[in-house]
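Produce the complete structure using the sequences and hints provided.
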Amino acid sequence: MENKKTNSNQQGTVPAIIAFVGVVFIIVVIALLNAPTMGGARVMASVKTYFSEVRATAMPFMAVITILAIIGGFFIAREVKKVWPDERKRKEFLTGYAFLAPYLIVTLTFTVGVILFALYISFNKYDIFTRPEWIGLDNYKEAFAGFTDSTKRDFLQALYNVLWYAAIVVPVQTILALRMATLLNAPVKFKQFFRTVFYAPSVTSSVVITLIFIWLYLKNGYLNFFLQSVLGWVGIDFTPIAWLGDPRGLIQLIVEAFGGEIPSSQWYFRGPSIAWMAIMFQNIFTTVPTFMIMYLAALQDINPALYEAASIEGANKRDVFKKVTRPLLKPITMMIVVLGTIGTLQVFDQVYLATSGGPLKTSLTPVYLIFTEALGVNGPITMGYASALAFILAAIIFALTFLQRRILTKGTEMY
Amino acid sequence: MTVTTKDNITPIKVKSHSQAVTENVIKAFFRYLLLIAIGLIMLLPFIMAFLGTVKTDQEILSYPPKFLPEVWRWDNWARVWNTDLGAGGTFPRWLFNTAFLSVTVAVAQAAFGSMAAFAFSRLKFAGRDAVFNFMLATMMIPGAVTLIPAYVLMTKLQLINSFWSLILPGLVSAGSIFTLTSFFRSIPVDLEEAAIIDGATYMQIFRTVILPLAKPAILTVLILQFQSMWNSFMQPLLYLNTPDKYVLNVALSIFQQQYKSQWNLTLVGAMFNAIPVLILFFIFSRYYIEGVAYAGIKG
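Chains as they are written, first to last, in my numbering: chain A, 1 to 415; chain B, 416 to 714.
Since the hints were derived computationally from the structure, they do not count as laboratory data. These numbers were taken from a predicted model, which means no experiment stands behind them. Any given hint could turn out to be false.
Said to hold, decoys possible - Covered by chain A, per the in silico footprint, the following chain B stretches (three or more residues, Cβ under 8 angstroms): (1) 460 to 473; (2) 567 to 575; (3) 635 to 649; (4) 689 to 702.
Stated by the list, open to error - Simulated pairs of lysine to aspartate or glutamate, DMTMM-like, Cα-Cα distance not exceeding 20 angstroms: (5) 317/A / 438/B; (6) 91/A / 608/B; (7) 539/B / 86/A; (8) 89/A / 608/B.
Each residue gets a CB set at the ideal place from its N, CA and C atoms; glycine is no exception.
What follows is the structure in structure tokens.
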């Protein structure tokens, strides 16, 4: 080892240069694939036509990435030179990156690369078949145009809908999951069996569950029949509701019950519609089991000695839950709330299958809107606009989860 | 609460004991009642849907609906199995497509994931922690952001309507690497140190020491990734657009439009989709549940 180190100065130079060239080459290829040019078969007819498109529209993009690639390549080359003389370090370095290579290449291409592309495109007018056209912040302004022009309120309404969705679904599913987990954590027989049965809805595809629920929600379906029979016994006359087709909002229903009225120009006071709440219910049904399992694992992780100590000190069950269980569950609760928020703000499957965003756009969601805008379902293809919507949604998700972490971690320091 | 005379103590104790017993019995009774009720609620939609599959076209639409079918029409299942949307869109085909994609992605994730996890948990090299933190950061990125640009990239690579459009991005995932890394870190290093002294290469250590010990974690990743590909909907809907390439979920969404009021047939499709995953789940439920629980605790 010592001998090798003495003549090490020149030893690592050639591998360092190879590493530098390799890294820059791979990053530039990935950048080329994700360069903001027109898409489609015409431009991809040959490498030559593609390169001429890149030259025409994507030079600033390529320049920025190439500079970043050179900086990154430089750092890696320096590392290579440093580790090369030492056999063990060299082996670890090379094996490490060789083992990470599949992950790095796929992620750089299909996550980092595409996000850079989307970021660039969100400042452009882009419909995949023509060259992107720089329009600055127009797409972002357009997203919030609904504040002044009520015909363009789709995105605002979508945000409004998912915020209601998260506000109702996240607390309900978290509380239900905790209740079910504590129930299963008690000494019961056939625990495994119940756990398996409870978890079954979470295993099944959301498409399957949504289809079954659409059927149960039909006007001549089981839910109406069930409510009619049960309410019939108590003497209440129940008229069947088309659950997934009813746009009346929760607050609207309450106001109307007192003889009031909310005009459609003030849609934002109407609250979540019946259709939307029906989808919420179905979503809770599928997600509760997953979170229940997480809570159950956390409960089983709690050291039983803590409970013994508490009972020796004469604490009753309620106290034990408050003072021992709840604080210890805080990290998992935070995780469940954050995961729930991320999931609920991105609802898509249920909306696509059950309502297509209707009735009266009361179940429209940002991801569904992004999907339809990007594919031009209701008009021209507007991929730049859709990308801008995706970034706004991501910013909202980050902000909300960050806030939740701040609020929920408050006061846990003492434990 | 201080009791002074002996005579008083005995009756009180006996009473409180028997009270406690009856209380416990009542509590246990309600606990099981609640467990069974929740279990029924969880299974009821599946039971209803299953009974719906064997009803006739008229029966499924009648109101008030009946719980049990009058005649069990098993031929509904055959009708759906023999569906032909043309252009190669048949049921066995969709089942094969879904299974093929799910197995491929699951195996790739287990293989590449354990390689990456080995690098993260066992090797020391410059940039390792930076890459690991970068991976954690990518887990926070909402899927909505990559949806459109990934579609554009697939059109450029001319992979639209090809299974590669789902396989390539699915080869690795931060989630499975993270699970495997946490597991690998819990394996003691003593064994490897002996192997290193014996002159084993890292590849040999990976294959002969780590992989055999990590079998449960790898099985968990295999199962969870199989399920997640089987159940994925948005990406296949976006990328696969001819009937011979559909996966079950996409075909099902077409069914719903095609069969309109023939809910018995749509429900058969739903059952065909759900049954394989449910069987897999009942066989491997321990690994499923451990995987989910693990993700919760370690995350």
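Is the hinted pair residue 317/A and residue 438/B satisfied, with a Cα-Cα distance of at most 20 angstroms? Holds: residue 317/A and residue 438/B sit about 15 angstroms apart, inside 20 angstroms.
Check the hint pairing residue 89/A with residue 608/B against an upper bound of 20 angstroms on the C-alpha distance. holds, 15 angstroms
For the pair we were handed, residue 539/B and residue 86/A, check the Cα-Cα distance against 20 angstroms. holds, 13 angstroms
How does the stretch 689 to 702 of chain B fare against chain A when you require at least three residues with a CB closer than 8 angstroms, holds or violated? holds (count 6)
Okay, the stretch 567 to 575 of chain B and chain A, do three or more residues pass the C-beta test at under 8 angstroms? That given contact holds, which follows from 6 residues of the stretch 567 to 575 of chain B lying within Cβ reach (below 8 angstroms) of chain A.
Between the alpha carbons of residue 91/A and residue 608/B, is the straight-line distance 20 angstroms or under? holds, 15 angstroms
For the stretch 635 to 649 of chain B, do at least 3 residues have a Cβ located nearer than 8 angstroms to some Cβ of chain A? n = 5 at 8 angstroms, threshold three: holds.
Quick check: do three or more residues in the stretch 460 to 473 of chain B have a beta carbon closer than 8 angstroms to a beta carbon of chain A? This one holds; 5 residues, not fewer than the three required, reach chain A with a Cβ under 8 angstroms.
The earlier numbered hints are all upheld by this structure, with none contradicted.
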